[in-house]
Amino acid sequence: MPISARFRERVRDLLEPDEEIRYVFPAELVGSFLPDVVFVVSDRATVVLSTTALRRDRPKGVLSRKPRGARIGPVDTNTTPWFTFHGVHYHVDDEYVAVINAADTELFRDGGQPPDPLPDL
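Counting from 2, one number per residue, gives the positions in the sequence shown under the numbering used here.
These are calculated hints, taken from the structure and not from any lab test.
Even for Gly, the Cβ is constructed at its ideal location relative to N, Cα and C.
Among the clues, some could well be false.
[As the list claims (entries may be wrong)] If you anchor each label on the Cβ, the simulated ranges turn out as follows:
| # | residue 1 | residue 2 | range |
| --- | --- | --- | --- |
| 1 | Ser65 | Thr106 | 34 to 42 Å |
| 2 | Arg9 | Ala54 | 29 to 37 Å |
| 3 | Arg56 | Gly32 | 30 to 38 Å |
| 4 | Pro18 | Trp83 | 16 to 24 Å |
| 5 | Asp94 | Arg23 | 14 to 22 Å |
| 6 | Arg66 | Arg110 | 19 to 27 Å |
| 7 | Asn102 | Leu30 | 18 to 26 Å |
| 8 | Asn102 | Asp19 | 23 to 31 Å |
| 9 | Glu10 | Asn79 | 23 to 31 Å |
| 10 | Thr53 | Val31 | 28 to 36 Å |
| 11 | Ser5 | Glu107 | 18 to 26 Å |
| 12 | Asn79 | Asp19 | 14 to 22 Å |
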């Protein structure tokens, strides 16, 4: 599902005033028949929005809002790309893996470091 300018405007209505959208991508709950969700990464938070089954291009409401410091990935690309965000598993189309990686990389561009993947070694 490509993200249009019109869709971004609909998303903006569900964010806080003056919140800047940085990344937007659709995802699907793993093992669920619920409609897709939309992740919106802003300058302040990572927001998961619900959609409707018949109108996936219309965000309906906020499912969760986490501070911007929370990583989204890593994305497992061995099969259908998937990731876990705050304990919930999501599938994502191949084209959005780079978006997730960019959003996560942005967290560390100001001198921060990614978490150590093997902290016990």
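Has the hinted range 23 to 31 Å been met by the Cβ atoms of glutamate 10 and asparagine 79? Since glutamate 10 and asparagine 79 have Cβ atoms about 36 Å apart, the given range 23 to 31 Å is violated.
CB-CB spacing for tryptophan 83 and proline 18 relative to the 16 to 24 Å hint: Violated, at about 33 Å.
Between threonine 53 and valine 31, is the Cβ distance one that fits in 28 to 36 Å? Once the Cβ atoms are compared, 20 Å apart, the range 28 to 36 Å for valine 31 and threonine 53 is violated.
Are asparagine 102 and leucine 30 spaced within 18 to 26 Å by their CB atoms? 21 Å, holds
Does the hinted range 19 to 27 Å hold for arginine 66 and arginine 110 at CB? Roughly 22 Å apart at Cβ, these two residues keep to the hinted range, so it holds.
Is the distance from the Cβ of serine 65 to the Cβ of threonine 106 consistent with 34 to 42 Å? At roughly 22 Å between Cβ atoms, threonine 106 and serine 65 fall outside 34 to 42 Å, so the hint is violated.
Could you tell me whether the CB distance from asparagine 102 to aspartate 19 stays inside 23 to 31 Å? Cβ of asparagine 102 to Cβ of aspartate 19: about 27 Å, so the range 23 to 31 Å holds.
Can you let me know if the beta-carbon spacing of arginine 56 and glycine 32 is within 30 to 38 Å? 23 Å, violated
Is 14 to 22 Å respected by the C-beta to C-beta distance linking asparagine 79 and aspartate 19? 40 Å, violated
29 to 37 Å as the expected CB spacing between alanine 54 and arginine 9, which holds or is violated: About 21 Å separates the Cβ atoms of arginine 9 and alanine 54, which means 29 to 37 Å is violated.
Is the hinted range of 18 to 26 Å satisfied by the C-beta distance from serine 5 to glutamate 107? 23 Å, holds
For the hint 14 to 22 Å, verify it against the beta carbon of aspartate 94 and that of arginine 23. 19 Å, holds
The structure is inconsistent with the numbered hints 1, 2, 3, 4, 9, 10, 12, although it conforms to all the rest.
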